[in-house]
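Full structure from sequences and hints, please.
Counting from 1 along the sequence shown, just add 52 to a position and that's the residue number in the numbering used here.
It should be emphasised that the hints constitute simulated quantities derived from the structure, not laboratory data. Fair warning: this is a prediction, and the values are worked out from it, not measured in the lab. Ideal Cβ positions, reconstructed from N, Cα and C, are used throughout, including at glycine. Accuracy of the hints is not assured; some may be wrong.
[As the list claims (entries may be wrong)] Cβ pair distances, simulated, as ranges: (1) C100 - D214: 34 to 42 Å; (2) R292 - G225: 31 to 39 Å; (3) V360 - A408: 43 to 51 Å; (4) A79 - T227: 14 to 22 Å.
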Amino acid sequence: MTATTGRGRLLHLAAAVDRPRAYDAAACVALARLAERGTLDFVTLGDCFAGPGLDALQVLARAAPATQRIGLVPTVTTTHTEPFHVQAAVATLDWVSRGRAGWQVEVSATEAQARLFGRRTAAPADRLWQEAGEVADVAGRLWDSWEDDAEIRDTATGRFIDREKLHHVDFEGSTFSVKGPSTVPRPPQGRPVVVVDATLPAARDTAARYADVALLGVASRTEADALRTELRNAAGAQGRDPGALRVLASLAVDLGGGEHAAERGHGGGGPRPGPHGPLYRGGPVDLAELIAAWYATGAVDGFHLRPVEPGRDLERLVNGTVALLQHRGLFRTFYPGSTLRDHLGLPRPANRYARARSGT
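See the structure below:
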């Protein structure tokens, strides 16, 4: 069953599979498989230059053959990294997962992290997010630089590529330039899903311009509703379809209370601000009520949930919260499609160069 409201809206659920201080990809793979059992849209895996840890994109590439349907969204930091290499790596993840890749765009703002690379000093957040938007822009252009039928593979003539369907992007950004075309054929999804955490104001313009999914770390339904409206209006002002931007509330969840009611101060299951963003602490049933209430009013399109204790909380989320939402007909019981764009109800984008060449 694919659950929708009376207005045809789909509820979207995602979960983080971060395992702090874990250096075994198998632990993250196991969590991704558990999330897939709950038919979640996608899992995220964080990454940054601030401390030791495995490369998120490579870990989720390891998870690709071990899963079948769930979306895989690693954090990819665009600061100090080469945009051409970034897009090739994300496109490769889309190929090895057969169309289930996304990437959460992130920036690196500290001088200590800048010194790791030695190329330049740290920059203000607004400049970093401008650059991140340019990386997202050129990534989309590079993914389109191969038309879908550019590969001929004609052994009789020895022609592998139709060069007329391969395009230079000739992109000039504020801090980089890219000529292209990509070295990787156009990904199965056309363009892998772009995720942006738009909690901070500096990131919101980038989210409005380029994100398919925006995350909001907010503790109140009123604030979530206001920011969702702001982001969609901004997307519309950029010529985008506002309805194509999925906005998910991002909450840390502590389900150690089992089936008990939410901890006093959490507002009957509601989150409260914490040092690392909003935190829900209580049981799976109250969490299901929170998700249903915020979603029913249109404040958000769904939730991105970050388990405090990954193994324990994700299991209770899948077997408790998600099962209850499925029982109430609010969430799917199987994947109706095979790609992450299918899960999110997003169409596969047309190739901009093919469209221009055909005059459509």
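Going through the hints against the structure:
{"no.": "1", "hint": "C100 - D214: 34 to 42 Å", "verdict": "41 Å, holds"}
{"no.": "2", "hint": "R292 - G225: 31 to 39 Å", "verdict": "20 Å, violated"}
{"no.": "3", "hint": "V360 - A408: 43 to 51 Å", "verdict": "49 Å, holds"}
{"no.": "4", "hint": "A79 - T227: 14 to 22 Å", "verdict": "36 Å, violated"}
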